[in-house]
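> Protein sequence lines correspond, in order, to chains P and D. Sequential numbering of the first sequence, starting at 1, is according to the working numbering. Sequential numbering of the second sequence, starting at 1001, is according to the working numbering.
Fair warning: there could be bad hints in the mix.
Taking lysine to aspartate or glutamate and the DMTMM-like style, the derived pairs with C-alpha atoms no more than 25 Å apart in a straight line are [unchecked claim]: (1) K171(P) <-> D1251(D); (2) K388(P) <-> D322(P); (3) K171(P) <-> E1188(D); (4) K357(P) <-> D256(P); (5) K171(P) <-> D1075(D); (6) K388(P) <-> E407(P); (7) K272(P) <-> D322(P); (8) K341(P) <-> D1095(D); (9) K171(P) <-> E150(P); (10) K272(P) <-> E169(P); (11) K341(P) <-> E415(P); (12) K1153(D) <-> D1251(D).
In short, the hints are calculated from the structure, not lab data. The structure displayed is predicted, hence computed values, not measured ones.
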Amino acid sequence: MLIGYFTEQPYRGVTEEQVLRHGSYFGISNSNFDRQLGADLYNEYLDEFCYAEDLGFDAVCLNEHHGNPFCMSACLNISAAMLAKATETVKLVLIGNPLPAHHNPLRVAEELAQIDLVSRGRVVAGWVRGSGPEQFFNNSNPAINRELFEEAHDFIIQAWTRPGPWRYEGKHFHYRHVNPWALPYQQPHPPTLIPGVLSLETVEWAADRNYPYLGLGTSLAPTAELWDIYADRVASRGYQAGPENFGYLGMVAVGDTEEEAVEMARNFLFAKGNGLFARAEHTLPAGFNSASAIKRLSSNASGGWLGLNRDKIMGEDHGKADLSPEELLKIRGEIDIALEKMRENYQIIAGTPEQVKARIETILRVARPGHFVFMNVQGDVDAERRRKNMRLISEHVIPHMRQLSEELGLSSQFEVKPGSRRLAPGQARIQTTFPELLPAQKAKAA
Amino acid sequence: MSDTTNQADEVPIEVGGTVMLTVQGGSGKPLLILHDELGYPGWMGWNAALSATRAQIIPLQPGFGRSDALPWLRDYRDLAAHYARFVRQVGTPIDVIGFSAGGYLAAELAAIDPGLFDRIVLVGPLGVRPTTGEIYDFLAVTTRTHVAATVSKQDAPEFAKIYGGTMGAEQFMLFEAARAETSRLGWEPFMFDPALPDMLNGVPNPVLIVRGTEDIICPQGCVDVYAAALPSAQVAMIDGVGHRPEIEDPDAFLGLIKNFLA
């Protein structure tokens, strides 16, 4: 099992009230950015990733968003480059490079090759379409997002594996001279991990390439259901999916007492967390999702991915500067309810070391991921408390997970190559997830 | 004059091996109508009012959910090339009214071949970089906000009839399809072709440009660019209405176009 550490690297200089009044993190004016605080935080988070290595995490996981205090990291390849030199053993898992936002896949191929060389083969290249706001920020046409993503991905793999120079005339990208001098340290190219929030199309795309799929803080029961779709798709090509094909990212807060842990876990939902990542009009720009996905989301009355539901998608724009104290209180009450729901769904795991061990054991037994990523909290939590969380995870939870991993055979992609378990012609695949092991009341809540 | 049903028929027309669905109604001299970026809104009062004298042909834009989608289209000039073929099949020269993005399309068509058209009416036309103001970024707002922004008079009877109340799932999906295709063709630069003013130079057709004084989608700066590029163009403003003068003040709108197209 590969155990990773992840943080969104939240900017800690905006208040919950600011975000709530704006109606989203995305779009808050950068006139609120404090340069001194920004400098402190970027350095703190880099140190934190190095600390993860010291604590025995196998990987540090990096991402990027743009124009958003929810996540300060705007250039994950720059962070990865610095960590390539500052760390020695951890894998640098990129979850992921938003290819349509980059506009220049050849440049991405060069950047990752350079990082892989400096780190002597520690890059894990994850690819994403980017969330809706990324399309606005980078002026990347959302209506051709998937085309851009797939073409950029295919081009990068070619750029790494096909001896140059050669000419490329694609649909969206064109190069006269493809011959990146520096090639990745790992051959034929770095391994991959595809992060996602349960988009069926992305799961199928990953399955078709034997790319492991990492569920980003998704509810456990639907995650297991979607992984079955992945496993069926892989089986139709004659392969058995295993733990090496799956990863799970959990938001985890550990404390000396449950109360302390829950108080800290509340910060995962600081200003509603990713529920206010962006407003509906930025999260789902026209054409960004397939018609069937839009239909599914717009029929969801109770709320779903990134806080979207029928009212938001079919309503007018959000944001209200004149929230009354009563309205703010009501929203905070809703956040408390959401926290409980997400704890039930296994999206947020909070408690004493013993409680967290038990919850994660359920995840490992139900979903059987070969990769598990711990996400640290959002919100205004200081470095000392963030590090305490990491330390408690390292001292108490990870040893238990390693033992369980041995017992359950939870191999990562670095132990068993995805797609290497062949099925004989006509042979049915074996069960890969075990949702029946979920405690009954929890399964219902999920 | 607000009967919006049963006065027109859907007629499929094959264009280059694909099916373009059209709405056709009325009789008399043919009139091509190019709908806006939200799609065909239905047979409106002003269509009915023209029915006695004009045979109206309204192609439903490919990719908007009814006509065959055309994945090869990359921008409005590509779309115009496809429509040019359609217009040649329908018969040229023909009078045309283009609304908003439909005005953009009509201008691209005129630039490709002025001979396709006789008289041209552009209503709140997008398609050129405005000298002042900005084209409203309707792709950065929700569908409902976009729809609401098209009118100044939300209590206009026909607006309430077609867009008011609860948006049904079917209507919402059609809007989404229309906005997605509009994004695909017009995302960058947003809803204008930098070359269009130069390409329009020398287009001899009589042109009428109509804009509501309260239009927030199409700034006056777009009208000014068109007027400068097309020396023969007349500009007519309709007081107190937004981007949909044909349903916000149909009498004023009809008065203008009946006079111009007579």
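> With reference to the structure, classify each hint as holding or not holding.
Each hint tested on the structure:
1. Taking the CA atoms of K171(P) and D1251(D), the gap is near 48 Å; set against the 25 Å cutoff, the hint is violated.
2. Simply put, K388(P) and D322(P) have alpha-carbon atoms about 38 Å apart, too far for the 25 Å limit, and the pair is violated.
3. Between K171(P) and E1188(D) the alpha-carbon distance is near 16 Å, which keeps this suggested pair within the 25 Å criterion.
4. Pair hint K357(P) plus D256(P) holds up; C-alpha atoms about 13 Å apart against a cutoff of 25 Å.
5. Restraint check for K171(P) and D1075(D): the C-alpha separation of about 14 Å stays at or below 25 Å, so the hint holds.
6. Straight-line distance between C-alpha atoms of K388(P) and E407(P) comes to about 28 Å, which puts the hinted pair past the 25 Å bound.
7. Between K272(P) and D322(P) the alpha-carbon distance is near 18 Å, which keeps this suggested pair within the 25 Å criterion.
8. Our distance criterion of 25 Å between C-alpha atoms is broken by K341(P) and D1095(D), whose separation comes to about 61 Å.
9. For the hint linking K171(P) to E150(P), the alpha-carbon distance of about 11 Å falls within 25 Å, and the restraint holds.
10. Proximity of K272(P) to E169(P) is assessed by CA-CA distance (about 44 Å); at most 25 Å being required, the pair is judged violated.
11. With a C-alpha separation of about 35 Å, the suggested pair K341(P) and E415(P) falls outside the 25 Å cut-off, and the hint is violated.
12. As the CA atoms of K1153(D) and D1251(D) are separated by approximately 15 Å, the hinted pair is consistent with the 25 Å bound.
Of the numbered hints listed earlier, those contradicted by the structure are 1, 2, 6, 8, 10 and 11.
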